[in-house]
Amino acid sequence: MKHPLKIKIAVLAGICGAMVVLGISLGSVPLTWPQLLSPEYRLILFIRLWRLLLAAVTGSGLAVAGIILQALLRNPLAEPYLLGTSSGAGLGAVIAAIIGAGSIYLPLSAFMGAIAATLCVLQLSRIGNRLPIQAIILNGVIVSIALSGIIVFLISTSPNEALHGLMWWLWGSLQVFDPILLTVVTIIVVSGIICAYVFAQDLNALCLGEENATHVGVNTENVKIVLFFVTAIMTASLVSICGIIGFVGLIIPHATRFWTSPNHKILIPVTCLAASAFMIGCDLISRSIAAPMEIPIGIVTAIIGAPIFLVVFKTKQTGKSKP
Amino acid sequence: MKIIRLIISLLFCFLCLDSWAQDAAVAKKLRIISLAPATTEILFALGLDQDIVAVSQFCNYPKPALTKEKAGTFSAPDIEKIVYLKPDIIFCAGLEQAETVHKLRQLGFNVCVSDPKNFEELFSSISAIAGCTHTEAAAQMLIAEMKKRINSVRVRASRRTYEKKQKVFIEIWHDPLITAGRTSFLNELITLAGGENISRTISRPYGIVGPEFVITNNPDCILLAYMQPAQARETIRKRLGWQKISAVSANRIYGDIDPNILLRPGPRAVEALEEIYERLYPDETSSKN
Amino acid sequence: MSEMIAVRNLCGGYTHIPVIHDVSFSIRKGETVGIIGPNGSGKSTLLRLLSRVLYPEKGEVLLENRNIRTFPLKEFCRRVAFVSQEAPTEFSFSSREIVAMGRIPYLRRLEPENQNDKDAIAEAMRLTDVLELAEREIQTLSAGEYQRVILARALAQKTELILLDEPTSHLDIGHQVQFLDLLRMLNRRHCVTIAMVIHDLNLASEYCDRLILLHEGRIFQTGTPEDILTYQNLETVYKTVVVVRKNPVSQKPYIVLVPQEQLCPRN
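Chains as they are written, first to last, in our numbering: chain D, 6 to 328; chain Z, 103 to 391; chain F, 45 to 311.
Excised from the complex, chain D in its bound form (with noise of 0.2 Å):
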């Protein structure tokens, strides 16, 4: 924590530079960059490629979610899911596969089933104008189990194989080839995170309390429709793509923020930096430790996650306790 903030910029960005690189080069068919670049295989070096911008995308895209939000309802369990997305998205992808509507409109119904689920949960929080922060968490707990309940209902009483296939959304995938959904998605969650770059200000504020940020002049309310917004169509956008990715969203944050300040201003642009190394390794880690096989992206980033977060917090107890 002494290191000065460049320093520690600069080696995330190392970090995440050295990422990259591997994540070019390491794939299941050994290819030398010279061979990659032959438009022989420029399709492979595309898919690597376009592998590793969703990496990045979502990596970011998660983890800011997950900033916002822990600024908003000011508790350090709060990640992207909260409020209901991922059930929602898994209903509407649910859903899709049992009607037969095929793989095109899967990612469709999986988003339009993660708005719905926050609307559902905001709107069940509202108390007139208002929206208090412990309705909304314990709200978002409620509707993510009931809905959880009945995916798991229609899951068992329609066996249908089209359900086999939705297996992979458990644990996320990043195998997207969807050139126009990925350019969607993209734009969605860069635009987020410039907004949330935009807010740095009122989140900075927010963390004393909404009390304290409307002292200093935030309209509290106001920022946080906008952001809870932002937040919702960010994660459900991710979450109808790549299907549920856990831990991120929940853990680089606090990591970041622990390792170089809690001024948004600061944390957004690092976080960035530090979540997509992250998912770009752990999808380097997918693909090569049990290759030809490939371990599901969210099983790696929960099990390099959880130490992380470990170690982090311990390190933040001990550093308390001293005097």
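Since the hints were derived computationally from the structure, they do not count as laboratory data.
Treat the hints loosely; a few may be bogus.
[To be verified] Derived BS3-like pairs (lysine-lysine); straight-line CA-CA distance at most 25 Å: (1) K321/D - K270/D; (2) K270/D - K162/F; (3) K270/D - K102/F.
Mind docking chains Z and F on chain D? Use the hints.
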């Protein structure tokens, strides 16, 4: 912007691949990838051994398939490997591989899907595969051979119409208890072999049933369609209330048919048919020897 | 002295059930006003009705003859600052970052701090004597140090009025006097108007020009400490026996509490 360039380049690749695939199809040597074990067996039976560049990890029959390049598992294709091998056609199975099929088609590959539920559909499937690969003559021979063997079993089964039909319970998995419904391939096999699938009331291909269902329907024999350890039959005998079932008391629990031939709608399905017939009417087999 | 804040027939509370009933008073520019009263009399609620955190059910609050709701929030916060009794948040900001948040009313969203802002922050930290704590994380500060940082944040807002909610409750005597001396200096030398909710009647007596005594959500009486702090008023409102003396040094009223066992039987 970088994204726009990438999109344009990807579109360009699609177009190249598409036209190249069409050209390649006309040329003599096809590059085939099969991600479904049943389809792999069909391709080998049609004599396409040399044209297969890769199979899935679970394609284990016939023996030469084991030496082929592996392109992923049943549900998770190795996309990079597939792209690298530049196939002309990729064969996939039905609904379980829907996501895989979608992804491969998005990348511009020619994907053929087959998911036969009975012999009629299997023969159409074989003909379709032969049509894609210009092996119509071999297909006709294969189909004729299969029809001959099926008819032989059908005739023998019809001679036993004076008896009550044998009731059969197919156990595809033990926990949960999964069986084959009316629209499954196994149902067709049992019916053709002169038996009666007690689960034919289930309209789906597969269904989960409770043990009381089996006890109530009292099958004459039980077929296990999964690899089991040696004591499996003892365990089944010990299931609560199952001692009353005819199949259990008459010791007619058969776990010795290779599950791969039971569950793969391919050329060996006729072998499965014959094996099932022998289990249903063991007296005929023993008297033949 | 001109009127800065005018409260007219104010009714309000945290929910629709009002805690404050029909309260009217005014605060003049340059005054130090103390709001006192027993627990549950609505002191903190009243203060929050003045700071725009709570909406009034009835009545209005005027700042320089304009209803406070008609000001855009940031402009209001350039005129009125608030010092609450808060524990350091679990986010480990540095002291300077906390004080810098006091400049938010002057900064548009992506606008970086200019020299003006930096000067205001430095000045605020100098006045409150927290300059050497600038880079320390707030969780490492003591209660007294953190309270001064919060005050610095309010000072950085460069407002004409500061509202304080029991700013000295959890400070020891030394820090209490230090803090209130600082407020007095700001009031006298920098013309900052002060309105504070204060628990300790003796501190209120020493440091406030005027007192507002609240009782069950209504104003019991307003006036100078000499007028308000009589044993009759205090026994009625606080329902306990007190003795009022004069502080030998400042001549201000000085309240002595009387434990039960010291009471002589009365006729």
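Each hint tested on the structure:
1. Distance check on the hinted pair: K321/D and K270/D sit about 22 Å apart at the alpha-carbon level, within 25 Å; holds.
2. Our distance criterion of 25 Å between C-alpha atoms is met by K270/D and K162/F, whose separation comes to about 17 Å.
3. For the given pair, K270/D sits about 41 Å from K102/F by alpha-carbon distance, which is inconsistent with the 25 Å threshold.
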